[in-house]
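Q: Here's the letter readout for the chains.
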Amino acid sequence: MNFPILSFLTFFPLVGVIFILLRRGSDEVVERSSKNISILVSVINFIVSLFLWSKFDLANPGFQFVEESQWIKNFVSYKIGVDGISIFLVLLTTFISPLCIFASINSLKKRIKEFLIAILIMQTFMIGVFCALDLFLFFLFFEGGLIPMFLIIGIWGGERRVYSALKFFLYTFLGSIFMLIAIIAIYWNMNTLDLVKLTESKIPENLQYWMWLGFFISLAVKLPMWPFHTWLPDAHVEAPTAGSVILAAILLKISGYGFIRFSLGLFPIASHYFANFVFVLSVIAIIYASLVALMQTDMKKLIAYSSVAHMGYVTIGIFSFTKQGLDGAIFQMISHGLISASLFLCVGVLYDRVHSRLIQDYSGVVNVMPKFALVFIFSSLANVGLPGTSGFVGEFLTLIGTFKVNYIVAILAATGVILSAAYSLWLCKRVVFGEFKVNNHGEKLLDLDVTEIVILFMLMILTIVFGVYPNLILEPISSSVDLVVKNMGAIK
Amino acid sequence: MLYLILFLPLLGSFISAFFYKKIGDRTCQIITSAFVVTGAILSSIILLETIKTGKVYEYPILNWITSGTLKLHWSIYVDSLTAVMLVVVNSVSALVHIYSIGYMSHDPHKPRFMSYLSLFTFMMLSLITADNFLQLFFGWEGVGLASYLLIGFWFKKESANNASMKAFIVNRVGDLGLLIAMFLIFKTFGTLNFSEVFSQAADQSKNSIKIFGGEYNLITTICVFLFIGAMGKSAQIFLHTWLPDAMEGPTPVSALIHAATMVTAGVFLVARCSPLFEYSQYALNLVAFVGATTAIFAASIAIVQTDIKRIIAYSTCSQLGYMFFAAGMGAYNVAIFHLFTHAFFKALLFLGAGSVIHAFHDEQNIEKMGGVWKKIPLTYALMLIGTLALTGFPLLAGFYSKDAIIESAYFSKSLFAGYAFIIGLTTAFITSIYSWRLIFKTFHGKYNNTMSFEKVHESGPVMLIPLFLLALGAIFSGYVFHGIFIGENTQFWGKAIFFLKQTAHGHPPLWLLILIPTLVILAIPLSFILFLKRKDIVEGFINNNRPFYNFLVRKWYFDELYDLIFVKSFRGIGTFLWQRGDVKTIDAYGPDGVAKVVKNLSDRASSIQSGYLYHYATVILIGVILIVSFLIII
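Order-wise, the sequence lines are chains A and B.
Per this note's numbering, residue 1 is the first one in the first sequence, and the count goes up by one each step.
Per this note's numbering, residue 493 is the first one in the second sequence, and the count goes up by one each step.
Check the hints yourself; a few may be wrong.
[Unchecked claim] Under the rule of at most 27 angstroms between Cα atoms (straight-line distance), these lysine-lysine pairs were calculated in the BS3-like manner: (1) B:LYS1060 with A:LYS429; (2) A:LYS486 with B:LYS649; (3) B:LYS1047 with B:LYS1060; (4) B:LYS947 with A:LYS444; (5) A:LYS371 with B:LYS649; (6) A:LYS437 with B:LYS1047; (7) B:LYS649 with B:LYS947; (8) B:LYS987 with B:LYS649; (9) B:LYS993 with B:LYS866; (10) B:LYS987 with B:LYS544; (11) B:LYS860 with A:LYS486; (12) A:LYS197 with A:LYS437.
I should point out that these hints are in silico values taken from the structure, not numbers from a laboratory.
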């Protein structure tokens, strides 16, 4: 097969952007056609990614659909490909993006054209990140994604959008500098930035520690890990709904992916060395963020802190170096992508109608919006990790994998299941149940419309499907994960 | 057939939840009830089959999780233990479904209620038909979810919402124990399937594990964590606080979930894991101790409560304690037998209480009832049967099972056998007292309600027929089944329950056989005098022992204590971490702090570039002087 399917996936959204820019006419015409183009582009991209999945060879643990060409001679090559670990993250991206576009075209009021362009560019960068097999290329996509996100928060955000956007940008950018330094150092020592070659030729041990730290700082900020997490709640609160969804569902996953691909793949010795350090930070993140989430008054902040806690499971799973732990971590990333998307969309639904994110402004929503209440409670329970939903499988696998290695970490992390139940159910109780009382200046509160129902129910059904039959994901990733586990096991 | 039993309730729940607008309330009620009734009939056939042939059914349905050596399936596994549970769950559930048609007739959300009930039934069935720990855990959490939804069914009531939340969270504490037990099992046994785990139990029984800074026997550690899970679900002392509050839910829910089925899941778990528990005398002692303590603790509270449902709830708590201490004596079959009989009479009592509440138009305080037994004779008669069965009146259901429990303690040689035996006897007596107190205060004496006496009315047949059927169970289930369940040399349990050593059997001495019924029967006139004829004695006692009385009324102050230790402190810590940790430390010294420092520095840097010539000239001059003096000195 010679069709460059990954390049197509990566750059097709940019083609859409060009079409939108070329469109001339009255504002209304441009707006309508830009909506249509972006929907078309993102849906086609999703279909193509499904095609990619259908052609994907489950037994092959290595990279597939590899494309390679020189870019800067002897320095950077344009090399992309996917393996079992990244393919689902690509699928997640192509799946979430059209949902975001659908969700925002009705609710957004100003500068829709520009917003859609930002989302499409974002999509290009995110798919690129998961496909890149060259460190420099990865870094480009990794950093490039900051710009549209910065704009999305800064332009379409809430009241404190400038503060949040700057905080987001500077924080993550500062982190990235360390990664850049590490990448440069790798090049000087190894004379290549090709991921596959680097994995095969072992990086010297004394170098690994420093490189690992460089990557770690950058990835830890983006994940985010405690104590680098404070940008996330602010960014989420101010970002428009679609921005929050992309941030939680996809951007946070880049770090988890990066840990597996780079920290474990390139610096296995250092990863072993620092594993306990990561465990400690993750456990703190889980307990700390859950406790803080308990006391939040803003729904989006609550969900943001809950994301920090859930990402903690991802990191302990990864650094357990066990099959179950890594399986669970990858599964948890996909699952959290679906569940957090659904939760942020739910908050978006409320915000569109009432223009408030404060928990105290709501009560008894179920009385007038029963369908919404169903989705909201379901998503909260999935977030709690109720068995039968995908949230449970991820948490369970990471914990059971970690327990084999370090039982104290696993037990401490498992207390998160109590805390998450506490903050999620308390949120439900305050917002959804009780007597109906919403501070919305007497407007009538409408239940979900058709678009919202389709989007949210799709997420809901996927959450159940993956919860009941997780092998849909676990089987395809299996051989690639086995390889990682084997490599890590060889170090000891 | 088993597929039908398992999936019909799920289908019913689904139809009722999503298509109620098309098919109407009545159809929803009929469909869900019909499905569960079908399940109940099929389950009885399965039980008969198991009794006759000892057959074990195993059907894998679907792969669930495959991750390395961890391989788990969705499956249906039915042995005699499951068959018994199937009958309990499905028959009580079927009757509760039918009863609810009448009980909820004035509620606007009937389809939702039926849907939840059926969902619960499905979850409970998947719990008992599991062949691995994780599917059990799925059902375990699933019934928790259904219980959460049903307790909070009247979502406009603040108290109901709080109760449902409390139930879920307290249960999660127990679930954490179960999770840790599963982690341990997977780590050491390498599998979570029952058959594979149990077959290794003997080999692993001497192994120990280093955990929490000490070295403990492996099986003991696992069993202790399993039991923590069981304590949460079965509302044993320390994790019991959610059960009384759960009475905020509609009464049929209390009957189904909080009396007959869900709360007994813990007992089922212990019985299911008997191949593990048998290898750990320590864990069995713990089970016995906790069970016995809960039995008397809950009974002591039940005696002073005034809410009809709460009394029965504490009574449930106490009876669950009985089941656990039977299991702790190694008499798992006796525990399951009590579970079986208890399901009938306790569901009967709850539904009867529902009928009373209905008759009084939603009055639950027994102090505000009284004197109505002629007005609602059928309910009265049925409640009497339930009470007699519960207290262990000779020849009724509770008599066979409760006596067997006390005897098992009498014969056992375990550490807490004596403790359990004494408590078993005392609690039987107290149980009888508080049960008759309920009957006398509710049905006898003076009418004590503000509502006009004429308005008190008997319930309709749709509510009374299920009660009647349950009453049959309460009367005959003990007599009919005791030979099969706990008879000497019974082959019924096969491999379902594992006995390492033969439980001590023998003929109990005559004094014991006479003592138990005597205590139970003596309590009737005593209770009649204390709570009906000579109320002044009780009042005098209360006035003289205020603190003790308050201690009981306030339920040993558990709620207050937990509120202080957990709820308040966690909220405090949460706020502290947020305000002090995130805002004032990480942000202040992190991003905001750095930003401030940078801005400060750049302000200073720009102030140096003032643009005044004499500033620059001065600096140059100083520089020149410094350089020159430096050169001269050298």
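Q: For each hint, tell me whether it holds in the structure or not.
A: Results for each hint:
no.: 1; hint: B:LYS1060 with A:LYS429; in the structure: 18 angstroms, holds
no.: 2; hint: A:LYS486 with B:LYS649; in the structure: 56 angstroms, violated
no.: 3; hint: B:LYS1047 with B:LYS1060; in the structure: 19 angstroms, holds
no.: 4; hint: B:LYS947 with A:LYS444; in the structure: 41 angstroms, violated
no.: 5; hint: A:LYS371 with B:LYS649; in the structure: 20 angstroms, holds
no.: 6; hint: A:LYS437 with B:LYS1047; in the structure: 34 angstroms, violated
no.: 7; hint: B:LYS649 with B:LYS947; in the structure: 26 angstroms, holds
no.: 8; hint: B:LYS987 with B:LYS649; in the structure: 47 angstroms, violated
no.: 9; hint: B:LYS993 with B:LYS866; in the structure: 53 angstroms, violated
no.: 10; hint: B:LYS987 with B:LYS544; in the structure: 15 angstroms, holds
no.: 11; hint: B:LYS860 with A:LYS486; in the structure: 72 angstroms, violated
no.: 12; hint: A:LYS197 with A:LYS437; in the structure: 62 angstroms, violated
Hint compliance for this structure: hints 2, 4, 6, 8, 9, 11, 12 are not met, and every other hint is.
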